[in-house]
Amino acid sequence: MLDYLTLTVALLAGAGLFLPLLQVFRTGRENLAGYILALVLAAALVLIGLFTLYPSTVPWAGSLVRPDQIGGVFALVTVGVTLAVTIASFDFLKSTNKPVYYGLLAFTALGMVLLSYSQDLLMLFVSWELMSLPTYVLAGFDKKTRSNEASVKYAIIGAMSSAVILYAISLAYGLTGSTQIVAVVAGFTSHPSALAGVATLLFVAGFGFKMSIVPFHMWIPDAYEGAPTTISTLLAAATKKAGFIAAIRVLLGVTTLYAVTRSPLFTMANVFAVLALVTMTVGNISALTQKSMTRLLAYSSIAQAGYILIGFVAFANAPGSSAAVLGLTGTVFHVINHAVMKGAAFLAAALVVLQLKRADLKAYDGLGKRMPITAFTLAVAFLGLAGVPPLSGFWSKLILVLSVANGPYTWLALAAILNSAFSLGYYAWIIKRMYMDEGESTDRVKEPFWFVLIFAVMVGLIIGIGLFPQQVINFASNAAAGFAG
Amino acid sequence: MSYVLSLLIALPLVAAPFVYLATRANRRLGIYLSLALSIAVLVIAGYVFWQVYSSPPAGGQYLFQERYSWVSFSSFGLNYFLGTDGLSSPLLFVSALLTVLVIIGSRRLIDHHEAEYYSLIFMFEGAIIGVFTSLNLILFYIFWEIVLIPMFFFIGVWGGPRRKYAALKFIIFTFAGSTIMLLGFLYFYMGMPSPSFDIPTIQAMLQAGQIPVSLEYVPLLASFIGFAVKLPLVPFHTWLPDAHVEAPSPISVLLAGVLLKMGGYGFIRISIGLFPSASAQYAWVFLGLGLFSMFYGAVAALLQRDLKKMIAFTSINHMGFVLFGAYATLISGSVLGIQGAIFQMFTHALAVGSLFMLSGYIQHQAGTREIPLLKGLGTTMPRTAVILVLGAAAAMGLPPFSSFLAEFMVIVAGISASAITAISVLVPVITAGYFLWMIKRTVLSPAEPGHEAHDMGWSDVAAFAVYLVPLVILIVTSYLILTPAFPVAQFLKGLP
Chain A
1 MLDYLTLTVA LLAGAGLFLP LLQVFRTGRE NLAGYILALV LAAALVLIGL FTLYPSTVPW
61 AGSLVRPDQI GGVFALVTVG VTLAVTIASF DFLKSTNKPV YYGLLAFTAL GMVLLSYSQD
121 LLMLFVSWEL MSLPTYVLAG FDKKTRSNEA SVKYAIIGAM SSAVILYAIS LAYGLTGSTQ
181 IVAVVAGFTS HPSALAGVAT LLFVAGFGFK MSIVPFHMWI PDAYEGAPTT ISTLLAAATK
241 KAGFIAAIRV LLGVTTLYAV TRSPLFTMAN VFAVLALVTM TVGNISALTQ KSMTRLLAYS
301 SIAQAGYILI GFVAFANAPG SSAAVLGLTG TVFHVINHAV MKGAAFLAAA LVVLQLKRAD
361 LKAYDGLGKR MPITAFTLAV AFLGLAGVPP LSGFWSKLIL VLSVANGPYT WLALAAILNS
421 AFSLGYYAWI IKRMYMDEGE STDRVKEPFW FVLIFAVMVG LIIGIGLFPQ QVINFASNAA
481 AGFAG
Chain B
486 MSYVLSLLIA LPLVAAPFVY LATRANRRLG IYLSLALSIA VLVIAGYVFW QVYSSPPAGG
546 QYLFQERYSW VSFSSFGLNY FLGTDGLSSP LLFVSALLTV LVIIGSRRLI DHHEAEYYSL
606 IFMFEGAIIG VFTSLNLILF YIFWEIVLIP MFFFIGVWGG PRRKYAALKF IIFTFAGSTI
666 MLLGFLYFYM GMPSPSFDIP TIQAMLQAGQ IPVSLEYVPL LASFIGFAVK LPLVPFHTWL
726 PDAHVEAPSP ISVLLAGVLL KMGGYGFIRI SIGLFPSASA QYAWVFLGLG LFSMFYGAVA
786 ALLQRDLKKM IAFTSINHMG FVLFGAYATL ISGSVLGIQG AIFQMFTHAL AVGSLFMLSG
846 YIQHQAGTRE IPLLKGLGTT MPRTAVILVL GAAAAMGLPP FSSFLAEFMV IVAGISASAI
906 TAISVLVPVI TAGYFLWMIK RTVLSPAEPG HEAHDMGWSD VAAFAVYLVP LVILIVTSYL
966 ILTPAFPVAQ FLKGLP
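First to last, the protein sequences are chains A and B. Heads up: the first sequence is residues 1 to 485, going by the numbering used here. Heads up: the second sequence is residues 486 to 981, going by the numbering used here.
Because the hints were derived from the structure by calculation, they are not lab data. A few of these clues could be false.
Claimed, not checked - Label pairs and their computed distance ranges (CB to CB): (1) A/Arg444 <-> B/Thr962: 50 to 60 angstroms; (2) B/Leu858 <-> A/Asp365: 30 to 40 angstroms; (3) B/Phe503 <-> A/Asp365: 40 to 50 angstroms.
From the three backbone atoms N, C-alpha and C, an ideal C-beta is built for every residue, glycine too.
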């Protein structure tokens with residue numbers, strides 16, 4: 001039987017290894033590496049899609065990675081975003097080192113795919129690094145001061161979070177004698193100890209940096225603003241999601257931190273609930289005061305991480321219940337939707353940066369006349385992010401809120417709802433600037449073909465999933481049920 | 486299974502992009518196409534209205550039902566579920582009628598971005614019909630939110646000088662209110678023994694006593710916030726004067742004539758219809774709030790200099806009657822309250838709609854809407870003045886306009902709940918007072934010399950007749966609305 005996962009890994013690794021060689025040959029076709037990578041990623045997308053939708057009944061032999069459904073969802077999302085970023089880079093990237101850029105993108109994609117399927121803490125750590133290291137370089141690819149500053153900042157924080165994760169892994173191995181995630185989680189649950197609690201919290205912190213959870217979010221706005229905007233797209237819409245799958249696998253099984261403080265209040269559900277509340281509130285309030293689009297998107301992305309965490313609360317509160325499955329379904333579904341909506345918004349911002357050479361909000365005044373397709377994409381993405389029906393973001397937020405609507409966490413549901421309403425304050429404000437304010441000029445600005453193509457696909461997904469959510473919900477629900485049961 | 490209601494929702498929504506393309510290609514073609522389509526929708530709405538009148542569904546039953554599963558997984562189920570009864574059919578009809586009149590009235594008052602304007606009108610119409618026909622709470626919420634998007638652009642793109650501020654204020658206020666309402670629905674759903682979002686299913690469970698009263702309080706409060714913002718109820722009303730003053734006049738007609746009805750409809754269909762026991766317990770609070778809104782709207786209208794702002798506060802005053810009447814039925818058991826509330830929503834839409842449209846004409850022709858600056862309309866613009874007097878008479882509830890009957894029914898129901906509420910008869914008195922004072926200052930005052938103004942043409946007079954003539958006819962044929970409203974009122978009264 002043909003092993004699809006090995007084939008996918010081989011494709012991506014091959015692209016990562018051989019694409020930079022095009023630099024040496026100087027073919028004269030600048031974007032050749034990009035075209036090849038786009039084809040490779042599309043092929044990987046098809047392969048992952050095939051074995052996620054039609055899972056093989058043959059049991060997987062290895063213990064390091066296993067192609068299960070929830071991993072498949074995250075692999076699809078991250079590879080899909082990387083594909084969109086690659087296509088947008090055809091026009092966006094102005095560099096003499098294009099093949100290297102695309103090679104690094106291939107490695108990041110490989111890291112994210114392996115991370116999605118990791119069943120072992122060592123595998124998880126290795127793929128975590130494989131995903132992260134290329135992005136440090138990519139964030140500084142502009143060779144401008146700001147870009148380099150973003151890169152260094154990101155690299156230092158990233159190295160720190162890796163160290164924290166590694167320390168947590170060593171504690172876990174010392175306590176349970178295994179690096180298999182299932183065994184570690186079972187060990188933590190059956191023999192709770194203070195050290196197990198500390199290890200759990202270290203995992204929360206380590207993954208939290210990538211998931212952009214407050215208080216581990218400080219680096220996000222600076223890095224997103226300084227990095228080339230396509231790479232910000234990758235960080236916000238893809239690597240962040242990889243942080244979530246790691247957290248789902250490692251943290252969702254652990255339900256109690258009782259041993260740390262001996263207080264019954266100190267449950268994982270409460271920890272997640274507080275993190276979710278703080279993350280969405282801080283993200284939304286900070287977003288309201290931003291002057292630059294990339295920073296605004298960065299804070300909005302932080303706020304969305306808070307919504308995604310609500311599913312964790314429902315799951316940790318009553319594992320095995322229908323609300324738990326509902327919550328995890330919402331998390332998985334919102335991850336998919338958020339990747340599409342935030343990807344669309346960031347790429348629209350990238351096109352504005354590319355064509356108008358500026359990222360401050362003034363550039364968006366009257367954009368509806370200058371770049372109608374970009375403005376429309378941004379408006380749809382923003383309404384979706386705010387959760388306005390019938391767009392895709394509405395459904396996932398609905399499921400998330402529903403999972404905690406009646407029970408001990410009704411206050412969290414209320415907070416999420418109020419945050420959504422509050423977030424419309426800045427989303428509608430940008431829409432107002434684009435369609436109601438007068439811009440500096442009303443001349444049409446060119447919108448390149450590749451960008452328009454991505455925008456069309458993404459807007460189609462946001463509206464299409466909004467009108468016909470059943471299939472995607474089934475997909476997310478099956479993945480969640482498979483993980484929970 | 487019938488497809489009439491789906492057609493009624495889908496026709497405007499599908500028409501919107503075609504109207505956009507047609508208007509871009511040729512302005513006249515676009516406007517005529519819009520007119521033809523809106524009349525087609527009106528004909529279908531008229532058919533629905535007539536059917537509901539000629540064979541009124543029993544209480545808790547709905548005509549033209551459609552039900553398909555839309556989204557379902559694990560413990561979550563959501564249906565595309567439509568239906569209509571004596572509560573929603575008058576609102577459907579009046580929404581379709583006002584859309585036609587707004588399109589007629591817009592051709593002179595809207596002069597830029599016309600393609601976008603006419604297509605958004607249809608998006609608005611489709612969504613509002615969806616709100617009034619949804620029998621599933623989530624579907625209801627979805628249409629409820631879609632209504633916001635065209636209204637945001639109407640105010641923000643075609644509005645007056647402070648349009649951007651008013652548009653943002655409008656969308657944030659109403660979005661915040663409605664998301665809280667949604668949370669109430671979700672809380673209610675998760676607490677039910679066998680969860681459902683379908684209104685008839687929930688009502689059947691209520692009648693069987695399967696839903697504990699303790700579950701009703703949170704959703705009642707949450708939905709109250711959502712509907713109170715829309716109605717609007719003092720103190721949730723502050724977005725309304727801003728939105729009305731800045732919105733172009735045809736949009737004010739839609740805002741007052743249709744959008745505010747969403748609040749009144751929500752109170753009757755959902756607050757009373759789904760949380761009856763909790764509603765009955767707190768009926769006095771709602772009654773008091775309605776009464777306060779009536780007085781506040783009337784007194785605030787008295788103080789306005791801007792004609793349009795005055796009419797906007799009249800809306801607050803009139804919509805207070807709706808809440809007052811609906812809850813008076815719960816206390817006294819007299820069906821007149823809910824019947825009167827439904828009738829009041831219908832008459833208010835036409836009476837205040839005509840006044841808003843008129844304020845647009847006056848501003849267009851005379852250059853101002855300030856009441857003290859408008860002088861001698863009786864001599865300079867005689868036809869406009871006549872319409873203004875008639876519209877004011879309709880708004881203050883003077884017979885033979887049927888607004889008289891609606892307010893009368895509501896007040897009678899209030900008195901049968903408690904004699905103290907008899908003070909509500911003062912509200913029409915104040916209303917008559919400020920309208921007459923306005924007429925004295927604008928119509929009966931001497932004209933300033935050298936002030937030229939163009940009167941409206943006979944075609945416009947004909948358009949205004951469409952607002953006012955039905956109001957006169959309805960005082961004789963009030964059974965058209967009251968007969969189908971009776972089983973609804975009877976049913977709602979019996980729920981708690």
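If you check each hint against the structure, which ones fail?
-> 3
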